[in-house]
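S.K.: As you go down the protein sequences, you meet chains A and B in turn. Take the first sequence: its position 366, counted from the start at 1, is 366 in our numbering, and no numbers get skipped. Offset between the second sequence (1-based) and our numbering: plus 1000.
It is worth saying that the hints were derived from the structure and are not from the lab. Among the hints, erroneous ones may be present.
Examples of chain B residues toward chain A, derived with CB under 8 Å [claimed, not checked]:
1. Glu1084
2. Ser1086
3. Val1131
4. Ala1155
5. Leu1162
6. Ser1163
7. Ile1167
Positions of the beta carbon are idealized from the N, C-alpha and C atoms, including for glycine.
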Amino acid sequence: MLDADQPRLERPSADAVVVQGCWTALAFSSQRDWKALAAMLAQTPADLPEWDLRPIGQLDHIGGQLLWNHWQHRWPAKLEMSAPQRAVLEQVAQYTVREPQEPRPTPWDYFLRFANRGPHMLETARRFVTLIGQFVLDLGTMLRAPHRAPWRDISGHLYSTGATALPITALVGLLIGIVLAYLTSQQLRQYGGETFIVNILGLSLIRELGPVLAAVLIAGRSGSAMTAQIGVMRVTEELDAMRVMGIPHGFRLVLPRVLALAVAMPLISLWTAAAAMLGGMIAADLTLGISPGYFMQALPRAVPLANIWLALSKSAVFGVLIALIACYHGMRVLPNTESLGRRTTSSVVISITIVILVDALFAVLFKGVGFR
Amino acid sequence: MTEPIVSSPQNGGAAAGGGDSNAVEIRKLWTVFKSPGREPQVVHKDLDLDIHRGEVLSLVGGSGTGKTVLLRQILGLEKPTRGEVSVFGAPPAELSAAGAAKVGMLFQRGALFSAFNVLDNIAFALRELKVLPDELIRDAAMVRLQMVGLGPEHAHKMPSALSGGMIKRVALARALIMDAPLLLLDEPTAGLDPESADDFCDLLRSLHRELGLTVVMVTHDLDTLFDLSTRIAVLADQHVVVTGTAAEVMAHPHPFIQKYFLGGRGQRAAQALHEPSSVSGR
């Protein structure tokens, strides 16, 4: 089955080759035709003296390139072709060059790259400390002249990071509360300590799980959004435009985000804890027969108020950290898509890790607070 | 300046098959942008346009007359609200199946893949065929790189390290890699210095002559317009007011055309068109 357009070679005599068919990128895109042609080319010596290109239906630059490479970058002794074919081939011949080779990295380069990690980490630490310092300075500026603060931005971020996060945090909190209550109720029933479910749920949800769960969700949801937003502003040169107008990035981009999350985070964590308590209450009622009425009555006795203050302050710290890390990574995005992706990933991963580390720190520091 | 280009039937012109002489046909096209809570915005209204094979057609019109939208509709990136677009006798949606082999597009800001270097950007479409050997693809990409006037030393640069003019050139090289018979250019010379813009015109002219491409170009640069176009189509009042050679279009009494071509800049550019001797070095 031979189609007229199929690129092929014919050998009317030992020294001559007649080239036929369509020699275009489109014709080569069929795997079958290409394999057949490659086999024919492999059987045709490069130094045959007579080539006739005139029967070719179409010759484009890819076809020309293929012929030129087959001739090993030399014109055959006798070549018959039309003027347009000559133009294409001459262009290919004129412009074919070796691709410049990148020098391969030596072991010494690898060593240097490895050795550079130390200074690089120091530099990262320095930058992050600078960002925190700048934030404190901006906060001072804002307190001295509150009427010039970016209130609109703050309220916008408060809405987008706070209000719009309420449904998802409530759902996750509710389910975690139900699961936790079910699991503990099994154990408590064995020891006959059913009423202790109020203490267990109250302490663990309000003091630990509420704030951490909310922080992890917000780091994934709002932290990534902040990094991507600032990162795209870097890619599209919006950051440079702001700087030229004399608007400091710290004051207009970092400060509103950090303040908004510092306010929103404690509220979200209380909200998450409340949803989890609701879930726990429902599950306790179903599995242990502890009525919501009793639950509410026993809760203040089981969980001292200090726990709420601890959870709130912890969450505010989480919020500040998440926003700072997100802004730091956003500012460091390079103008390409790969860097944007990598920075967004590291922003989320690092902020979740830091949240858990700081939570452990709080647990150790306040181990004497809020227990009865 | 040189003569307007005579279309050559060789190669690209006949590449798409089919007997009729139009590369693109647009019939009774309507484009309406609707956004909730606002008046629908009518961009095109009963727009008709034929683009012949092997010609260089320039689309001209004020800002917001939907020139780029029209290019995107020819590419099948956007669907017109009403009406028909056919490219080589088929709806544009079928173009995407043939991909870079049928049509090349130079986007306004280049749209280079920022994760790839220059060579990989140019070679991308060929490599995606998954048929040709890598060596041939690299050679072909290097040839394209030099055809657009960039040296081999730029092959391994990332797009973020390129200047505006270089991005345009690399983007053109990428659009040309498969020798597609239809080439769409969105503001090819905007943002280039006069020297680069002239080089770019020379380059396009020689490519057009050798490959027999059909070129559709959106441009505001009057020099490029007079220099390259075989025909000019003027978009105004939501449709194509007139198509024809530069002289025919300029004779049209529509107020937009009178302002556009017969303002100070237009006259200077048109003068250059009539007095080839006044421009040296071409």
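S.K.: Each hint: holds or not?
M.R.: These are the hints, each one checked on the structure:
1. Hint status for B/Glu1084 relative to chain A: violated, with the closest Cβ pair at about 25 Å, above 8 Å.
2. Using the Cβ-Cβ criterion of 8 Å, the hint placing B/Ser1086 at the interface with chain A is not satisfied: the shortest such distance is roughly 19 Å.
3. Because the closest C-beta pair between B/Val1131 and chain A is about 5 Å apart, less than 8 Å, the hint holds.
4. The criterion of a C-beta within 8 Å of any C-beta in chain A is met by B/Ala1155, whose closest approach is roughly 6 Å, and the hint holds.
5. Contact between B/Leu1162 and chain A, as hinted, is not supported at the beta carbon level, the nearest pair being about 11 Å apart and thus beyond 8 Å.
6. With a least beta-carbon distance of about 13 Å to chain A, the hint placing B/Ser1163 at the interface is violated under the 8 Å criterion.
7. Hint status for B/Ile1167 relative to chain A: violated, with the closest Cβ pair at about 12 Å, above 8 Å.
Hint check: violations occur at hints 1, 2, 5, 6 and 7; the rest are consistent with the structure.
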